[in-house]
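Asker: Now for the letters of each chain:
2 protein chains.
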Amino acid sequence: MVPKLWNETIEEHRRAVREAVLETTAALVAEQGLRGVTMSRIAEESGIGRATLYKYFPDVETIMVAWHERQIAGHLAELSELRDRPGTPGERLEAVLERYALIQQQRHGHAGELSALMHSGDHVTHAEQHLRHFVRELLTEGVQTGEVRDDVSPEELAGYCLHALAGAASLPSRAAVRRLVAVTLAGLRPQG
Amino acid sequence: MVPKLWNETIEEHRRAVREAVLETTAALVAEQGLRGVTMSRIAEESGIGRATLYKYFPDVETIMVAWHERQIAGHLAELSELRDRPGTPGERLEAVLERYALIQQQRHGHAGELSALMHSGDHVTHAEQHLRHFVRELLTEGVQTGEVRDDVSPEELAGYCLHALAGAASLPSRAAVRRLVAVTLAGLRPQG
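Protein chains in written order, with the UniProt record's numbering: chain A, 1 to 192; chain B, 1 to 192.
Since the hints were derived computationally from the structure, they do not count as laboratory data. Some clues are possibly wrong.
Said to hold, decoys possible - A short list of chain B residues far from chain A (calculated; beta carbon distances all over 10 Å): (1) W6; (2) A16; (3) E44; (4) G49; (5) K55; (6) A73; (7) D84; (8) I103; (9) R149; (10) H163.
Said to hold, decoys possible - Output of the computed footprint for chain A on chain B, the stretches with three or more beta carbons under 8 Å from beta carbons of chain A: (11) 96-102; (12) 172-183.
As the list claims (entries may be wrong) - Derived CB-CB ranges, DEER-like: (13) E31(A) / K55(B): 35 to 43 Å; (14) Q129(A) / T9(B): 52 to 60 Å; (15) P190(B) / E137(A): 26 to 34 Å; (16) T145(A) / D59(B): 36 to 44 Å.
Glycine included, C-beta positions come from ideal geometry on N, C-alpha and C.
Next comes chain A alone, as it looks inside the complex:
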């Protein structure tokens, strides 16, 4: 039997290779745009043999999807942490949406080009559905406390939020992002 430590080392090694490939690919896309990235360039830049690279990922697109999923998972963890802080649903919704909008702003540039491609393609990741679900749950809580309008379903309101805040990507400052969040939140409030 292979000792446990040995297994853990292999597992760790695999994770490190995967990590290196994802980081290298993201960096190449950021530098050269989507078109400049090939399996050969990724192997070269990450210092992994081409044969090894193909054992991990069949093609560039699969790497990009994995990178994108990992990005979203990281952001979800960050947003979950904000959601679980003390406060009313409305306050926590505001914190989550502001953070989400700032993340969108950071995605600007070639990495944003990558995300846009992922979003516009047929490929809709589980993680994205998770994000939508996540916002919807917060909105449902907000409806219960009367902080969020109840004449439109939380599902539709979640779609509205995520689309409106996607506009943060092209905003020049954090102040502009905060104004966008304020306008978006105003749309969510119960109407007199």
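Following the hints, put chain B in place on chain A, whose structure we already have.
Answerer: Relative to the frame of chain A, chain B by itself:
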């Protein structure tokens, strides 16, 4: 000297060829997605010789850009007509945004995939800037009549509107689109 009628006939013929190429390309994209479309397929399907096609357009991307620009120009004409009807700026804004959202909804599918690619690429057309400018002007009028909030610039509010209403693309019904427009408009109103 070439008679005037002859020139007009040539001009008309050119317009007809251009039109046929754009329509064929849009139809091919709608059927097969972006990847299935080549210059040879476009020539074949539109019944134009390959050599002639290349006299009009150097590549598929140029055709797609031309198609997209024509789409937007058509939509702008429709929106301008709504803007110029009688009513307060707020009422006309609502009519324009609702029409815009319904247009977004119709773009669903492969043609939407095409538009999404155009939007996410480096290529931002003059027509798109025109649309943004158009909405911004209406918002500015709305600020003057007190129907639109004045604590955020019309420029930023225009970005908010267009992004929020882009969400209409995935909505299943016209009723859902109207709810989205109502929520988006609520974000634009002066805040108490």
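Asker: Which numbered hints turn out to be false for this structure?
Answerer: Hint check: 9, 10, 11, 16 fail, others pass.
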